[in-house]
Amino acid sequence: YHQSPRKFLAVYPEGPKQDQGPFAVIHKGFKAHFYTKGSDLSDAANFDPMCPARHPLTRHDPPLLYNLHEDPGERYDLSNMTTHRDELNIMTSWRQTHIKSVTWMAPRTRTIDPRAQPCCNDSSCEPFPQCCDCHFLSE
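Letter by letter, the sequence shown follows residues 5 to 143 of my numbering.
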């Protein structure tokens with residue numbers, strides 16, 4: 005068993021936003037969810053109502069807390085148990101410090117350059133992109 009040198013791990017969503025920060029934090033086998041949002045990767049038959057795509061972005065206060073060693077499926081929320089209050093406070097505090105330390109920049113992968121698509125002609129052809137259509141002649 006190899007232990008990571010990191011004590012905490014911030015879990016960001018697919019499209020992170022500065023005003024939300026990480027959706028979850030992992031620390032010492034615990035995972036705290038500050039936000040949840042359904043995913044297209046989860047079908048409607050999923051037992052967890054927060055997983056299917058129809059579940060909207062939801063902020064959790066207090067955050068949902070799971071013990072990943074004992075509950076890897078994240079089914080049993082421990083956030084209301086007083087025995088885990090200190091762990092939840094530590095994770096919440098770390099998250100706040102982490103958010104302040106992150107330097108945000110404009111997304112680099114959200115911009116689509118239409119000239120990057122495959123084109124049968126030179127990509128400077130006009131009218132673009134119609135001129136990119138491949139007209140193969142059969143012999």
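Some hints here could point you the wrong way.
As the list claims (entries may be wrong) - What follows is a list of derived Cβ distance ranges for each label pair: (1) 96 x 132: 48 to 56 Å; (2) 86 x 22: 32 to 40 Å; (3) 103 x 130: 41 to 49 Å; (4) 65 x 138: 20 to 28 Å; (5) 87 x 110: 38 to 46 Å; (6) 85 x 8: 33 to 41 Å; (7) 138 x 106: 40 to 48 Å; (8) 24 x 134: 36 to 44 Å; (9) 66 x 106: 47 to 55 Å; (10) 77 x 108: 30 to 38 Å; (11) 80 x 13: 54 to 62 Å.
Said to hold, decoys possible - Derived pair list, reagent style BS3-like, types lysine-lysine, alpha-carbon separation capped at 27 Å: (12) 35 x 11; (13) 104 x 35; (14) 21 x 41; (15) 41 x 11; (16) 41 x 104; (17) 104 x 21; (18) 21 x 35; (19) 32 x 21; (20) 11 x 21; (21) 32 x 11; (22) 32 x 104; (23) 11 x 104.
Treat the hints as calculated values from the structure; they're not laboratory data. We put the beta carbon where it would ideally sit given N, CA and C, even for glycine.
Outcome of the hint check:
| no. | hint | verdict |
| --- | --- | --- |
| 1 | 96 x 132: 48 to 56 Å | holds (51 Å) |
| 2 | 86 x 22: 32 to 40 Å | holds (33 Å) |
| 3 | 103 x 130: 41 to 49 Å | holds (47 Å) |
| 4 | 65 x 138: 20 to 28 Å | violated (55 Å) |
| 5 | 87 x 110: 38 to 46 Å | holds (43 Å) |
| 6 | 85 x 8: 33 to 41 Å | violated (26 Å) |
| 7 | 138 x 106: 40 to 48 Å | holds (45 Å) |
| 8 | 24 x 134: 36 to 44 Å | holds (40 Å) |
| 9 | 66 x 106: 47 to 55 Å | violated (23 Å) |
| 10 | 77 x 108: 30 to 38 Å | holds (33 Å) |
| 11 | 80 x 13: 54 to 62 Å | violated (21 Å) |
| 12 | 35 x 11 | holds (12 Å) |
| 13 | 104 x 35 | holds (20 Å) |
| 14 | 21 x 41 | holds (13 Å) |
| 15 | 41 x 11 | holds (25 Å) |
| 16 | 41 x 104 | holds (23 Å) |
| 17 | 104 x 21 | holds (13 Å) |
| 18 | 21 x 35 | holds (20 Å) |
| 19 | 32 x 21 | holds (26 Å) |
| 20 | 11 x 21 | holds (23 Å) |
| 21 | 32 x 11 | holds (7 Å) |
| 22 | 32 x 104 | holds (22 Å) |
| 23 | 11 x 104 | holds (18 Å) |
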